Structure formats: structure tokens, C-alpha cells
Amino acid sequence: MEYVYGIIIIVGLYVVLATSFNLIIGYGGLVSIAHPVFFALGAYTSAVLSRDFGVPVLLAMFAGMVVAVVASVALTLPTLRVSGDYLLIASIGFQLGLLEVIKNLRFTGGPGGFTNIPPFLIRDFGRESYVILVLAVTIAVVLLVRLIARSDYGRAMSAMRDDEQAFASVGRDAMWMKIVIFGLGSGIAGFAGALYAHYYRFITPEQFEILQSAAILTMVVVGGVRTTWGPVVGALLLQALPQALTFLHLPPSVLGPIQGLLFTGLVLVFMFVRPQGLVPAENVWRDRTPRSRTGEGG
Amino acid sequence: MTGVLEVKNLNKSFDGIVVARGINLSLTAGKVLGLIGPNGAGKTSFFNLISGVVKPDSGAVTLAGVSIDRLKSHERVRHGLSRTWQHIRLFPSLTVLDNLLVGTHDYPGESLLSVLLAHARLKQHDKIARERAADVLGRMGLSQVADALVSDLPYGQQKLIGVARALMGDARCLLLDEPMAGVEGQSYAAMQRVVRDAADCGVAVCVVEHNVGFIQDLCDEGVFMFSGAIMARGSVAELIRDPQLTELYFGH
Ligand SMILES: Nc1ncnc2c1ncn2[C@@H]1O[C@H](COP(=O)(O)OP(=O)(O)O)[C@@H](O)[C@H]1O
Ligand SMILES: [Mg+2]
Chain S
8 MEYVYGIIII
18 VGLYVVLATS
28 FNLIIGYGGL
38 VSIAHPVFFA
48 LGAYTSAVLS
58 RDFGVPVLLA
68 MFAGMVVAVV
78 ASVALTLPTL
88 RVSGDYLLIA
98 SIGFQLGLLE
108 VIKNLRFTGG
118 PGGFTNIPPF
128 LIRDFGRESY
138 VILVLAVTIA
148 VVLLVRLIAR
158 SDYGRAMSAM
168 RDDEQAFASV
178 GRDAMWMKIV
188 IFGLGSGIAG
198 FAGALYAHYY
208 RFITPEQFEI
218 LQSAAILTMV
228 VVGGVRTTWG
238 PVVGALLLQA
248 LPQALTFLHL
258 PPSVLGPIQG
268 LLFTGLVLVF
278 MFVRPQGLVP
288 AENVWRDRTP
298 RSRTGEGG
Chain Z
17 MTGVLEVKNL
27 NKSFDGIVVA
37 RGINLSLTAG
47 KVLGLIGPNG
57 AGKTSFFNLI
67 SGVVKPDSGA
77 VTLAGVSIDR
87 LKSHERVRHG
97 LSRTWQHIRL
107 FPSLTVLDNL
117 LVGTHDYPGE
127 SLLSVLLAHA
137 RLKQHDKIAR
147 ERAADVLGRM
157 GLSQVADALV
167 SDLPYGQQKL
177 IGVARALMGD
187 ARCLLLDEPM
197 AGVEGQSYAA
207 MQRVVRDAAD
217 CGVAVCVVEH
227 NVGFIQDLCD
237 EGVFMFSGAI
247 MARGSVAELI
257 RDPQLTELYF
267 GH
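Listed in order, the protein sequences are those of chains S and Z.
Quick note on numbering: the first sequence equals residues 8 to 305 in this note's numbering.
Quick note on numbering: the second sequence equals residues 17 to 268 in this note's numbering.
For the record, the hints were derived by calculation from the structure and aren't laboratory data.
Please note that a few of the clues may not be correct.
Claimed, not checked - These stretches of chain S come out as covered by chain Z in the derived footprint (C-beta under 8 Å, 3 or more residues):
#: 1; region: 46 to 60
#: 2; region: 265 to 277
What the hints assert, rightly or not - Here are the in silico distance ranges between beta carbons for each label pair:
#: 3; chain 1: Z; residue 1: 81; chain 2: S; residue 2: 281; range: 41 to 49 Å
#: 4; chain 1: S; residue 1: 95; chain 2: Z; residue 2: 25; range: 34 to 42 Å
#: 5; chain 1: S; residue 1: 88; chain 2: Z; residue 2: 263; range: 45 to 53 Å
#: 6; chain 1: Z; residue 1: 108; chain 2: S; residue 2: 89; range: 21 to 29 Å
#: 7; chain 1: Z; residue 1: 108; chain 2: S; residue 2: 218; range: 30 to 38 Å
Only a predicted model underlies this, so the values are computations on that prediction, with no experimental measurement involved.
By construction, the Cβ of each residue, glycine as well, lies at the ideal position given by its N, Cα and C atoms.
Extracted from the complex, chain S is given alone in its bound form (with noise of 0.2 Å):
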């Protein structure tokens, strides 16, 4: 049972992420691939408050969320005033050198990693509550990021997408808005991180690197990008197969190039059969106004 709600857990958790990254890059149409290193920021930050510091965990978790916005724009903040087309390399910068500097940190437990991280919820109500935990965060965020891409919000962002300049011309704070939505993206991996540490009780380095960001964004373009579903399915797809793989009890030298297969093998095909994913693309914004209103839509 605990191998299945480890399984319940991590693809929740790479939901979120999915579903965080498509607010960031799909509805915002901010390009970075740092996403990993925000979760891991958060990860890192509830694990050292909660283990060395005596923080409350649920305290240290939030503290990991804010960690990893404020993070988030330190980024933000010094590239878009520059130009929106140096968000991605200043990302890449980001994503390595945290890393790096994360590796190199006595209190991080540098590239052995962090042991020890205490428990949450699990001793005193059994796993089974930490995987509900897990499950309503999930259900939460996928519901937040479909809520504010179909309000007034949504509509202005899919307006900034359009032409920025033109968006300003209306009065509208274009900056503002990327700050605003790439640091509610990260946030929320910020807290994915911190619900990772506080489960597996150990996190290294490695599990944050660049190679995560081409996971979760392969998640998001094989799902369908700027869905509310797409995320969803493509985490769903992409990390429940390669685990339900290993209960065919095949050889691990054989386990591996399968799942490596399947990975590539799932973006090729996505790529030339079905570029727009697999959860079509829904235009809200094209869709809703004149069916709410005529009721014409079927």
C-alpha cells in the first residue's frame, strides 16, 4: 500500500507542477525553465526551518512558498524590466547557479543531500492523511489556476499575450502582471517542494535538475498548454506509466531504456500527430462570451 500512495503522491505533486508551469508559461507566456528550482527552494527551505530551526512544519512548509516567491522575483524583477526575451536565459542562470549554490552549502547538506527532514501528519494520523493532504492541494491549485484563467484576470492575461504594447495603451501594467503570475507559479511549486520534502524525508541536489524542467514540460505540451486538463493528464500520463511499468517485474536493465522509450517515444508522436496536446485547446475567451450569452454553443 505504501508504494501506491507514494505513487498517489508524486503524481499529485508533479500536477501541481504541471499545472503551476502552465500558468507560467502558458496562460503568462513567460518563457523559463526554471520551475524545478523554485520547487526546490521550497523543499529545501521547509526542511532546514522545520529540521534545524525547530519551525513548526506547516509553518516551514508556507515559509518554503514564500521563499520560493520572493525567489521568483529576484528573477522577475531585474529581466523583464530589461526585455521579456531575457527571462529565458536569465532562467537557465538561475535554475544552474541555485543549484550550484545549493550543492555547495554546508547547511543544505551540499550534493549528499538532506536527511532527516521531520515527518507531517503521517505519525499521528497515518499516511493515508498526508496522501489526502497531497490530493486536496492538488484538486486546490488545478482548480485556482482554471478559476483565474477564466475570470477577468484570465481575459487580461490572454490580452497581454496578444500585444503588450497595446495592453499598456489601455492602461494596463504588463510587468506587473508577469511578476504577479510567474510568482504564483512558482509559489505553488514552492509548496509542492516542501509536501515533497516532508514525505520522502530526504531530498539531494539532484532531483531538482535542469532535466525536471523538460519533464514537466513535456507534461504540459503532450497534455494540451493553457488547459486546465492538459496538465493533468500529461503529469498523470507521464509519471503514473513509467511507475506502473515496474509492475510488469521486468529486469531493471530492461526497465529503464522501456521508460526511457516511452518518454521520448510519447513526445515524438505528440509532436507530429497532435501538436496541440491532447486536451484541445480551449480559447476561453473565444469560447465563452458568445455561448454564455446567445446559448447558441453545443
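Knowing the structure of chain S, use the given hints to seat chain Z with the ligands on it.
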């Protein structure tokens, strides 16, 4: 009486091309000023300089008595400066109505917090904004396309929507860059009326337009711009009749 918009000694050049040559100009509340000049005279650049899209080399601009030189584009708009674009620049992924709604003056939907927390205020604003948008669209004869995607509409209608969107912000000063270019005849009267109505409500309007008839019918006064400099100011009829200006306008 000082103008709503006061431009003092505005200068700008791009690698040797002078687009603003010591421009002094004042726009008055309730008046429509026509800005006439040949292609490349610097009319669009003038709008870009005032609206904060392009930084001037020197000069000062005040709006309603307050210096806006240090304000960013969107801040100037919030202060009451509204403009349209020669090349329209609508939000193609949105419907006509949504284009206008994003363009409202106080748009609570821009703040994530107000979206997540203050549903009552949003609803109230939304109702007022929709009524206003319906009014503007009605006056421009665009009611029937309110729910259409702007990218599906012909160029002339998009041009009208660009003006409609600019009218959604509570502007003290409205800059219109060639509003009639590509617009069919039937919208002529609507455009005249809408701009005149705005002026009658106390907005200071400046219109760049090559359609001389349109300018003559609409404007209280005109200025002639050539090579980044204001050459003359007077009634539009006078400016058109001036043989020297005509020669500058049509070239040699
Ligand atoms: N961003 C820019 N960079 C370089 N040159 C520019 C720029 N904007 C305008 N110009 C030049 O300035 C001159 C005036 O252009 P513009 O203001 O568009 O004139 P108009 O609107 O009167 O036709 C043109 O020669 C144009 O090429
Ligand atoms: Mg022009």
C-alpha cells in the same frame, strides 16, 4: 487658459532622422485638433512620444497640469491619456466586447487579489463596463459584432473597434492615429459623431488623418507638421488653402 495637454520643446531623432523638432503644442478641453502632414512627417512619432512608447531626447509634457515625463505608458493612460494605433493593434484572441472590457479605466480584473476575493466589486464593475461598451458599440454601429472575434472582422471594422476601445478609458486627452484609413463611407458619420461627442464631454482630441474632408468636418483647428516640426496652426480650411503647405504635403 492652459491646455489639457501641454507639450514644450519636444525633440527626438532616430540616428539622424529628426522626428520631433522643438514641438510646442497645446490641446484644449472640448476641442478637436487635426494634425496634418505628409507620410514620414513624424505624426505617429509625436503620439509615441506623448504616450510614452518612445523616449524623447528633450522636452516636457504635462497632462492636466501634471508632468507625465517620468510616467510609463500605462501610467499615462491611467492619468487620462488615451490613444489609438495607426495599425490598430487589437487583442486578436478576444472578442470585440472583451477588447473593450479590458480597455476600461478602472479594471479590477487586472488585480489577482480582487479576482480571488472581491467578487461583488467585480460584478458591479462588469455590469457598468458592459453597459458602457454596449453604448459605445451602439453609437459606432458595431452592436451586431460585439461577440465576434476581432481577428475575424474586416480591417475597417477593426479600425472602429480600436477607437471604441480607446473611448472605454476615461480619457481627458484622446489621440487618434488615422482613424478613417480603411474605413468605409458608411462609418463616416458614426466616427464623426463619436469623436465629437467625446470632445463635447470635455475631452481634448488630436486626430491624425489624411482624409481632408473628414478633418475639415470634424476639427476646430489644425496644425501642419513637416519633418518633425510644426509649420503652421490655424483653421483647417486655411491650412489646406496655403500653397506652400500644399506643396510640402504633396512633394515636389
Ligand atoms: N522607432 C523608430 N526607429 C527609427 N526610425 C523611426 C522610428 N519610428 C519612426 N521612425 C522614422 O521617423 C519618421 C517619421 O515616422 P512617423 O512618425 O511614422 O511619420 P508619420 O506618422 O507622420 O507618417 C520616418 O522616417 C520613420 O521611418
Ligand atoms: Mg503615421
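For this session: Please test the hint of 21 to 29 Å on the beta carbon pair from residue 108/Z and residue 89/S.
Result: Holds: the Cβ-Cβ distance is about 26 Å, inside 21 to 29 Å.
Exercise. In this structure, is the beta-carbon distance linking residue 108/Z and residue 218/S contained in 30 to 38 Å?
Worked result: 36 Å, holds
For this session: Starting from the hint 45 to 53 Å, judge whether the C-beta atoms of residue 88/S and residue 263/Z obey it.
Result: 46 Å, holds
Exercise. Against chain Z, does the region 46 to 60 of chain S show at least 3 residues with beta-carbon separation below 8 Å?
Worked result: Check failed, 0 qualifying residues.
Exercise. Are 3 or more residues of the region 265 to 277 of chain S near chain Z, judged by a Cβ distance of less than 8 Å?
Worked result: Coverage by chain Z is violated for the region 265 to 277 of chain S (0 residues, Cβ < 8 Å).
For this session: Given the hint of 34 to 42 Å, check if residue 95/S and residue 25/Z actually sit that far apart at their C-beta atoms.
Result: 41 Å Cβ-Cβ, so the 34 to 42 Å window holds.
Exercise. So the hint says 41 to 49 Å: do the beta-carbon atoms of residue 81/Z and residue 281/S match that?
Worked result: The hint (41 to 49 Å, Cβ to Cβ) is violated, given that residue 81/Z and residue 281/S are roughly 58 Å apart.
Going through the hint list in order, the structure does not satisfy hints 1, 2, 3.
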